[in-house]
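Undergrad: Sequence:
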Amino acid sequence: MDTPGDTSTIGICGPCHDRLPERTRFARVARGRRRRWRAEPRARLAIPLYVACIHTDHSRRVRCSATLAIRSGESTVRKDSSTLAVRPRPGLDEVPAGRSGERKRKPSGPVGRTRLAAIDGLRLVAAVAVAAFHYVGTTTPHFWGENDPRQFAPVLHEISRYGWLGVEFFFMISGFVICMSCWGRTPVQFVVSRVSRLFPSYWCAVLLVVGLVLIARLGHFRAATPIDLRTVLGNLTMVPGPLGLQLIEGVAWTLWVEARFYLLMAVMLFFGLTYRRMIAFCGTWLTLAIVARELDSAVLDEVFVSQYTGLFVTGMALYLMHRFGQNLVLWLLAGFAWCYELTVLDDRVAAHAVRPAEGGALSWAVCAAVLTFFLAVLALAGFGPLARLRWRWLVTAGALTYPFYLVHQSIGIPVAKGLLQKVPVLGVLPSMAVAAVFSLLLSAAIHYVVDGPLGRVLRHQLTRGMSPQQRPAATTVRNQGERTDLRKS
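Heads up: the sequence shown begins at 1 in this note's numbering, then just goes up one per residue.
Incorrect hints may have been included.
[To be verified] Here are the simulated DMTMM-like pairs of lysine to aspartate or glutamate, each with C-alpha atoms no more than 25 angstroms apart in a straight line:
1) K417 with E158
2) K417 with D148
3) K422 with E158
4) K422 with D148
5) K422 with E146
6) K417 with D228
[To be verified] DEER-style ranges, computed between Cβ atoms:
7) R150 with T396: 47 to 55 angstroms
8) F373 with R150: 37 to 45 angstroms
9) T396 with A376: 21 to 29 angstroms
10) M466 with F143: 43 to 51 angstroms
11) N147 with N327: 18 to 26 angstroms
No wet-lab data here; the hints were simulated from the structure. Backbone N, C-alpha and C fix where the C-beta goes; we use that ideal spot for every residue, glycine too.
Please work from the sequences and hints to get the whole structure.
TA: Spelled out as structure tokens, the structure:
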């Protein structure tokens with residue numbers, strides 16, 4: 001136990017803190033005796049409050065050591081005519097940094113922010129599922145020429161038809177990961193991190209597709225993607241769909257969905273992230289999504305991303321469980337969001353449905369079961385046994401997921417079709433395997449050669465640009481002197 005003269009504190013974990021009453025709590029002070037005290041509004045004093053957590057984390061069998069606080073430094077406690085200052089609860093009620101007229105405080109970071117390797121592994125699983133759908137699960141007639149996946153790989157085709165659910169899984173993971181990366185950051189830091197993370201690989205993938213099309217034209221091959229300068233410039237913005245342009249990157253529509261989610265999170269960051277505010281934000285977002293669907297408003301659907309709101313909110317609820325512990329409020333929030341998402345999932349199932357003559361319609365029940373299985377695995381990776389995984393290769397695989405997701409369709413499929421045309425004896429499945437391996441190697445090159453160096457430069461320059469330095473004082477003095485000389489003359 002710390003001495004009274006020490007400025008450090010022994011903390012209490014989030015779950016224990018939430019269980020304690022708001023106005024009456026038990027604390028251990030000075031010599032470790034347990035005393036009863038009441039919170040009363042008093043002037044702030046610099047006397048530290050010593051508290052110890054009596055909760056035992058059953059998963060680790062150790063005592064927790066976070067920080068105890070009540071309100072944003074405005075409450076104090078009185079005991080035996082001695083007033084003790086109370087520190088703020090991190091992440092729950094603190095005043096966000098930068099608010100005018102209020103004391104600035106650095107936003108609290110996550111408690112023990114560590115890399116969840118299992119989450120990176122799940123991102124890889126989602127990317128592989130999407131690639132399997134594009135390669136083998138497609139129902140487009142003559143997509144592979146005379147070779148029909150229903151004939152040469154019927155079982156694999158039937159499974160891969162549900163691979164598009166990997167996109168939904170991506171959105172669920174994004175809700176978890178973005179909420180984690182937002183916590184403790186300012187809006188500027190969040191925007192800089194997202195731009196420097198997403199754009200280098202995306203720009204590289206778009207330019208690679210353009211180069212591939214130009215090579216095909218020079219070789220007198222028929223390019224599947226007719227492009228011009230206007231299309232290329234519009235695609236470099238990452239929002240070609242809203243601009244009415246053809247997608248050079250076939251998966252770019254999912255990036256536009258992510259961008260709208262990032263915008264909503266940036267607005268939330270302006271007010272500051274706390275536990276209660278995040279719950280209010282999730283509940284409000286779900287309500288607005290329901291209203292948008294009730295009004296059948298295309299504008300509101302675009303703004304509030306009503307088709308995928310349940311996925312993002314579920315991911316955020318799971319992260320709040322990871323950070324603050326499980327409780328009934330968070331489980332109700334996740335359950336409500338999941339019921340909503342499974343209901344609107346029928347629209348996506350109908351969009352991927354095909355005529356019975358082309359292989360039969362998709363089953364909503366199967367889609368709901370697969371997506372619920374993904375949810376359970378994400379929960380295990382966030383605060384279950386999988387959260388303890390520390391395999392470094394999963395982190396590396398997670399880093400390659402984004403560039404692989406970008407190139408597997410726009411570059412990998414043309415490579416596979418080219419192999420089929422030039423080396424027909426190779427067969428369809430081996431050509432697909434070679435194209436997938438090539439896409440993986442290309443994604444590694446993009447990550448290490450483009451994403452890493454360009455991302456660091458972009459992050460540094462954007463940070464400088466968002467906080468420009470004033471001109472030197474000497475320049476101002478010289479200009480003032482020149483104006484004085486002009487007046488005299």
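Undergrad: Give me the numbers of the hints this structure contradicts, sorted from smallest to largest.
TA: 3, 7, 8 and 11
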